[in-house]
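Q: In order, the protein sequences belong to chains A and B.
Take 22 as the starting number for the first sequence in my numbering and just add one per residue.
Take 259 as the starting number for the second sequence in my numbering and just add one per residue.
Everything labelled a hint here was simulated from the structure, so no lab data went into it.
Please note that the accuracy of each hint is not assured.
Simulated pairs of lysine-lysine, DSS-like, Cα-Cα distance not exceeding 30 angstroms [said to hold, decoys possible]:
id	chain 1	residue 1	chain 2	residue 2
1	A	K377	B	K548
2	B	K732	A	K377
3	A	K439	B	K531
4	B	K292	A	K217
5	B	K666	B	K841
6	B	K340	A	K434
7	A	K323	B	K731
8	B	K298	A	K430
9	A	K430	B	K612
10	B	K292	A	K377
11	A	K217	B	K293
12	B	K292	A	K430
13	A	K439	B	K548
14	B	K340	A	K103
15	B	K612	A	K217
16	B	K293	A	K430
Ranges between beta-carbon positions, derived for each pair [what the hints assert, rightly or not]:
id	chain 1	residue 1	chain 2	residue 2	range
17	B	T516	A	P91	28 to 38 angstroms
18	B	A467	A	E245	36 to 46 angstroms
19	B	T743	A	H219	16 to 26 angstroms
20	B	P725	A	H219	44 to 54 angstroms
21	A	D137	B	T743	42 to 52 angstroms
22	A	W334	B	P756	28 to 38 angstroms
23	B	A533	A	G269	47 to 57 angstroms
A virtual CB, placed ideally from N, CA and C, is assigned to each residue, including glycine.
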Amino acid sequence: MKKSGQTQISRRDFVKRATLACGALAAPQIIPASALGRDGVVVPSERIVMGGIGIGGRGTHDLGWMIGEPDVQFVAICDVRKSRREAAKNIVDGKYGNKDCALYGDIRQFLAERSDVDAVIIATGDRWHALAATMAMRAGKDVYCEKPSCLTIAQGQMVVETARRYSRVYQTGAQRLSEPNHVFAIEMARTGRLGKIHTVYADIRYRGGSRHDWLPAEPLPPKEELDWDAWLGPCPWRPYNNVYVNHGWYNYYDFATDVAMWGAHTMAQALAGIDMTNVSTIEFEYAGPDATMVTRLSNGVKLVLVRVDGSCWEPCQYWHGACGERFDGPEGWTAAADGYSMTDVSSPALLREYKKVLAEYMGRTRRPMNHVRDFFDCIKSRRLTVANPEVMYRSMSICLAADICDVLKRNLKFDLAKGEFVGDAEANQMRFRTRRETWRA
Amino acid sequence: MKNMKWMLVIVAAAGLMALPSQAQWQIPADRAAKKEYVAKLLATVQKADAPLDERFAACRELSALGDKSAVPILAALLPDEKMSHMARYGLEPIPDSSVDAALRDALGKVKGRLLAGVVDSIGVRRDAKAVEPLTNLLGDADADVVSAAAASLGRIGNAAAAAALEKALAGASGANLNVIADGCIRAADVQLAQRKRDKATALYDCVRASKAPRHIRMAATRGAILARGPAGISMLMELVKGNDNAMFAVAMRVAHETRGENLTEALAAEVGKLAPERQIVVLQALGDRKDTCAVPTVLTAAKAGPSPVRVAAIRALPQIGCPSCLASLVTLASDADADVAAAAQASLAGFPGKEADGVIANLMSAQDAKTRCTAIDLVGQRRVMSAMPALMKAAEDADKQVSTASFKVLGDMAGAAEIPAMINLLTKTQSVSAENALSAVCARQAEPAAGSIVIKKAVYGALPDGPSADVTKKAAELMKSGTMTLEANNGNFGDPSPKKPKKLCVDYTVNGVAASKTVAEGETVTFTTMTTSPACVGALCGALAQAPVPAKLSLLRILRSAGGPKALAAVRAATNDANAEVKDTATRVLCDWTTAEAAGDQLALAKTSPNRTYKVLALRGYIRAIGDSNLDAAGRQAMCSEATALIQDNTEKRLLFGTLGNVGDATSLAMVMSNIDDPAIKEEACLAAVSIAERLVTSNPAVAAAAMQKVVKATQNPGILKRARKVLGQTRPKQAAK
Chain A
22 MKKSGQTQIS RRDFVKRATL ACGALAAPQI IPASALGRDG VVVPSERIVM GGIGIGGRGT
82 HDLGWMIGEP DVQFVAICDV RKSRREAAKN IVDGKYGNKD CALYGDIRQF LAERSDVDAV
142 IIATGDRWHA LAATMAMRAG KDVYCEKPSC LTIAQGQMVV ETARRYSRVY QTGAQRLSEP
202 NHVFAIEMAR TGRLGKIHTV YADIRYRGGS RHDWLPAEPL PPKEELDWDA WLGPCPWRPY
262 NNVYVNHGWY NYYDFATDVA MWGAHTMAQA LAGIDMTNVS TIEFEYAGPD ATMVTRLSNG
322 VKLVLVRVDG SCWEPCQYWH GACGERFDGP EGWTAAADGY SMTDVSSPAL LREYKKVLAE
382 YMGRTRRPMN HVRDFFDCIK SRRLTVANPE VMYRSMSICL AADICDVLKR NLKFDLAKGE
442 FVGDAEANQM RFRTRRETWR A
Chain B
259 MKNMKWMLVI VAAAGLMALP SQAQWQIPAD RAAKKEYVAK LLATVQKADA PLDERFAACR
319 ELSALGDKSA VPILAALLPD EKMSHMARYG LEPIPDSSVD AALRDALGKV KGRLLAGVVD
379 SIGVRRDAKA VEPLTNLLGD ADADVVSAAA ASLGRIGNAA AAAALEKALA GASGANLNVI
439 ADGCIRAADV QLAQRKRDKA TALYDCVRAS KAPRHIRMAA TRGAILARGP AGISMLMELV
499 KGNDNAMFAV AMRVAHETRG ENLTEALAAE VGKLAPERQI VVLQALGDRK DTCAVPTVLT
559 AAKAGPSPVR VAAIRALPQI GCPSCLASLV TLASDADADV AAAAQASLAG FPGKEADGVI
619 ANLMSAQDAK TRCTAIDLVG QRRVMSAMPA LMKAAEDADK QVSTASFKVL GDMAGAAEIP
679 AMINLLTKTQ SVSAENALSA VCARQAEPAA GSIVIKKAVY GALPDGPSAD VTKKAAELMK
739 SGTMTLEANN GNFGDPSPKK PKKLCVDYTV NGVAASKTVA EGETVTFTTM TTSPACVGAL
799 CGALAQAPVP AKLSLLRILR SAGGPKALAA VRAATNDANA EVKDTATRVL CDWTTAEAAG
859 DQLALAKTSP NRTYKVLALR GYIRAIGDSN LDAAGRQAMC SEATALIQDN TEKRLLFGTL
919 GNVGDATSLA MVMSNIDDPA IKEEACLAAV SIAERLVTSN PAVAAAAMQK VVKATQNPGI
979 LKRARKVLGQ TRPKQAAK
């Protein structure tokens, strides 16, 4: 959307400024992190001792991001797959120039034995996110958990309750909440610069499907190579097939979600731009399979879950990148998605406030424009993260309610505070997925 | 997948519903069909010789549809090793008390792992009638069962459950101690939620006094503070003052999750007495709590002490947002400690409210030049429009850095009203900064905005003579939604002339200036017409005559940014100026004119100028002008032919490819493709061809496909290859969905 003659607002300048400001925050805050939750020796340094749980593709990305922070030290990796835990160990050991990173195949053993670990990054498959986070927080760890951070509304509530009960710092991996272009789009809406927001769009174009069938059984690998029972975790048992463990799980209801799969990438941003304090209920309008779904918040805002043709990486009428959100008000609109060099706006004039809006945001929130840094800062200050459990629950419960609306093929009304549907017993029955016996929290 | 779902809907409607072994949710919408479906599901569940996946799938469907009728059938499977979990999966969500009875009944029928599962389900359902049997299980030999029982009792959390857990805690040890202590905290949470503060407090205190691991005692401590209400503040403050860092962390967490000035005042009173590392955390909490009663304390911390503590205090001030601290922040913005100064400046930039604007604007008259520079930067960041006169004054500051900083901010903030004053500044200072600033302001006057575009008439169809439809209303609606582009397609405008090539013709105004564009089906109208501000161009042209030569050169360059016929005429006239410098600059500006308005001048220069440099510059400008979105296809093609005839160098050829890649059509594609065998420019030609084909693929797939087949063979660039293959894929007929 950049127009000829448009004033060059330097995003690089802003990020540099923000980094400098955060450098001040990153100055010593000498609460030894290892003393924030567990027994154990208080180390003289201020490093945050980390462990990784389920380090595959996304986890490797997160690990690389986190391990670069100067006050972070990884000491252990836990994964049910030998190849993955060893690959992660190589990254950690390579960073520190030693062979010290410990490996675990069983999360229970890892949490029980490593009282020295302050915080964990959880990047397992989606089926494990909420349970692993809950187990870790009950073991006194702070948690950074990848998205979607729960498969059911009940799981989301469990995470919120546990974080609160155990005074744990929790961040869901909605990293776009910490990226300048998204923050600008959000703040323009939140501060009323676009007028009273009437419509919000969130990209949910991923179509993973939601199969219930089983793939043919294949010989089970040795437990040391892959602990299949642990891989399944709280989900219903089924015979092993290597497709599941190599990304195929995305397509199966037992292990994943549908709307919530991609909604987890966008809903938190969409909600951040509107005042949710006065939203009591949300009405979902069923529009057909894989169709864009209109939802109406009780404060009058229309929240549109966009599912137009084409993959999420292709441009659509609202975005020219994946994972977008857009806010429409009477004074204009803002939109952001992946790959943007600058927030999309209805008029270039709106961009003139770019630096001002972000400076105000920084002043108001003291947040860095770096999602994992916010997590680490909050471990030290014990404040809520930008993507705290309530943010996770609110965004996920709306996505999961939309999933249920799709399954039942009828309009639904969801009470956000109570976490239940109004007058629909079947919809309410779908808020749960019963855990397997061994894998509880 | 989409088709598969539809197929299922159709099958269900026809009453031919299969059991859900192979696909997705199959919940029928019709009530009668639903009853029948549930009966089928239950029959499958009961069928011991049915494949396990079918029985599992039936349980999964029952989790959404199951009712009282499903309870005895599913309950009977609770002792079944293979089916127990899925039986609970179906049972657990059913909102009927018979489920509770069935689960309680199963407690005596299952053991070990299955028992733990049943106990877990009882907890999820919070069955108060199960307290007694669950209490008995707290003494079970199986640790897993004890764990489940403790958690479930905690979830139930009534007085009886709480009492059972409290009693069990006294004698617990090892792993059981952890889970029972956790159960106690859960039960205390329930009690607290029911406002039974005394009971909750007693339970929390019980865990605090136990030998449970510290992180569990920390959780109990949090609860104990909250349960005590206002009296919990003194308990929290003891933790703030104490030596235990873990408990200090709990106190800080609670400080973030509760509100009230009493706690803020208590924290503020203590902060100065704490070790620096704790001061930082408490100051951060004071910022987050936003109570103005903390301001004096935070200001004191900001002014003196260890640098990190001061920084934390300074960063807390804009969060609290009390204007009384602005004066102190201003002082701190020039502190000798660089970290402190940077934090203060950042805080001033983000400080909420208009009062901060005034304070910062006043800073611009500070004695010290560094402070003035800082103030100007802050004015720019905060966009303090009321500071415009002060910025104008600062632009003439004797200090070069101050002047430069001021021009930078003026370029960003000034509008049409400031143009005359900025021309004066340019004439006076004759500086590059002044020229850049004025150029930016003038360029901005030409920006079209969604709000300033008005669709007068839009017609879509087999233009000019075939069937067409007036789509003015639809086009106006799309523009109102904020888009700056309109794609000519049936999706947007319907199909008034099936199977015929169509065009979209739009008449519109931008800032009151009329314009018209016509594009073929599949192409896009982009509303980027550069409109000119008469006041802006008039001021520039008016100043041109009287300005000294250096300023005149600047004004000529700025006229290019302003654009429009009047600006072009002034530049054209200056190419005949008596002054050689003016003449040279005007000629170069003409060569570099960004729209096709100057194409005739550029072509003439490229063809006939005796100056070799002008010839090259003019040709390059002419090629760039081919990209002007106001040109129609014929005009663009004519310019393309002229340019091709004049091009003697691959540099210009590459430039042409780049332009055509952005705007080219099928004819341009043919021209680009004719260069695909030249090794020196092959890749640039391929890139342009792919870019054109991506736009053509919908409206002219055959042409796009033919070109891309050649590109795939010619290119060695993986990115281009990928794009070309994608276009080819789009030209193939779609396979029928499975």
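Q: If a hint holds in the structure, say so; if it doesn't, say that too.
A: So, going through the hints one by one against the coordinates:
no. : hint                                : result
1   : A:K377 - B:K548                     : 21 angstroms, holds
2   : B:K732 - A:K377                     : 36 angstroms, violated
3   : A:K439 - B:K531                     : 43 angstroms, violated
4   : B:K292 - A:K217                     : 44 angstroms, violated
5   : B:K666 - B:K841                     : 29 angstroms, holds
6   : B:K340 - A:K434                     : 37 angstroms, violated
7   : A:K323 - B:K731                     : 23 angstroms, holds
8   : B:K298 - A:K430                     : 21 angstroms, holds
9   : A:K430 - B:K612                     : 51 angstroms, violated
10  : B:K292 - A:K377                     : 57 angstroms, violated
11  : A:K217 - B:K293                     : 46 angstroms, violated
12  : B:K292 - A:K430                     : 13 angstroms, holds
13  : A:K439 - B:K548                     : 29 angstroms, holds
14  : B:K340 - A:K103                     : 28 angstroms, holds
15  : B:K612 - A:K217                     : 21 angstroms, holds
16  : B:K293 - A:K430                     : 17 angstroms, holds
17  : B:T516 - A:P91: 28 to 38 angstroms  : 32 angstroms, holds
18  : B:A467 - A:E245: 36 to 46 angstroms : 43 angstroms, holds
19  : B:T743 - A:H219: 16 to 26 angstroms : 22 angstroms, holds
20  : B:P725 - A:H219: 44 to 54 angstroms : 37 angstroms, violated
21  : A:D137 - B:T743: 42 to 52 angstroms : 57 angstroms, violated
22  : A:W334 - B:P756: 28 to 38 angstroms : 32 angstroms, holds
23  : B:A533 - A:G269: 47 to 57 angstroms : 54 angstroms, holds
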